[in-house]
Each structure stands twice: as structure tokens, then as C-alpha cells.
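Novice: Kindly produce the complete structure, drawing on both the sequences and the hints.
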Amino acid sequence: MKRLIIHGDPGVRKDGIIDYDDQEMVLFSISRNGDWHGPERPQLWCVIGTEDERGDFERRNYVPHFLDVETIDAEAVDIVQKRGTPSA
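Be aware that the sequence shown starts at 1, since it is given in the numbering used here, and climbs by one per residue.
In short, the hints are calculated from the structure, not lab data. Heads up, some of the hints might be wrong.
[Said to hold, decoys possible] Below 35 Å or equal to it, Euclidean Cα-Cα: the simulated DSBU-like pairs (lysine-lysine) are:
id, residue 1, residue 2
1, K2, K82
2, K82, K14
3, K2, K14
Specialist: The structure is reproduced here in C-alpha cells:
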């Protein structure tokens with residue numbers, strides 16, 4: 001699991017899937033920053049991980065402050081699935 005800061009908005013939402021570091025990563029949570037004040041483009045602060053790490057994320061079996069942080073531009077994000085399936 002890691003924190004990924006996306007500069008710009010590529011159109012992905014919670015439970016979307018991106019190709020990052022040559023593997024499919026799930027966007028467990030997304031916080032959108034910079035709409036009112038801050039940088040020219042919004043930033044999406046995401047917690048990403050593999051599907052195997054979903055249980056740890058849901059049980060909060062991690063320390064958010066100790067996650068590795070990486071950044072990427074929105075144009076460089078390879079989207080596999082834009083969002084999760086809506087609940088019925």
C-alpha cells in the first residue's frame with residue numbers, strides 16, 4: 001500500500017484501477033485538494049494497493065503517516081477502470 005499524489009484529474013474515482021509500476025493497483029480512497037485554494041490544477045491524494053491489500057485497508061491495519069508517497073502527473077496515469085461498480 002502507498003499514497004499516490006496525482007497532479008491534475010485523470011477522471012478516476014474510488015475503487016478504480018490504474019496500471020502503476022507494471023501492476024494493477026486499486027484506488028482505495030481519494031481526497032481531492034486544490035479546488036478553492038492552492039495549486040492551479042487539483043491534486044488527488046490517493047491510497048493505492050493491490051486487491052490483496054484491501055482487507056488491511058478496510059481494517060485500518062496500517063499507519064497512514066508511514067506509507068510511501070509518490071507523485072505522478074494526470075497525463076501519465078494509465079487507467080484500466082475509471083471507477084468501481086456502483087452498489088445496488
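Novice: All hints, please: hold or fail.
Specialist: Now for the hints, and whether the structure bears them out:
1. Pair hint K2 plus K82 holds up; C-alpha atoms about 19 Å apart against a cutoff of 35 Å.
2. The hinted pair formed by K82 and K14 meets the criterion: a straight-line CA distance of about 8 Å does not exceed 35 Å.
3. Taking the CA atoms of K2 and K14, the gap is about 15 Å. The hint holds against a cut of 35 Å.
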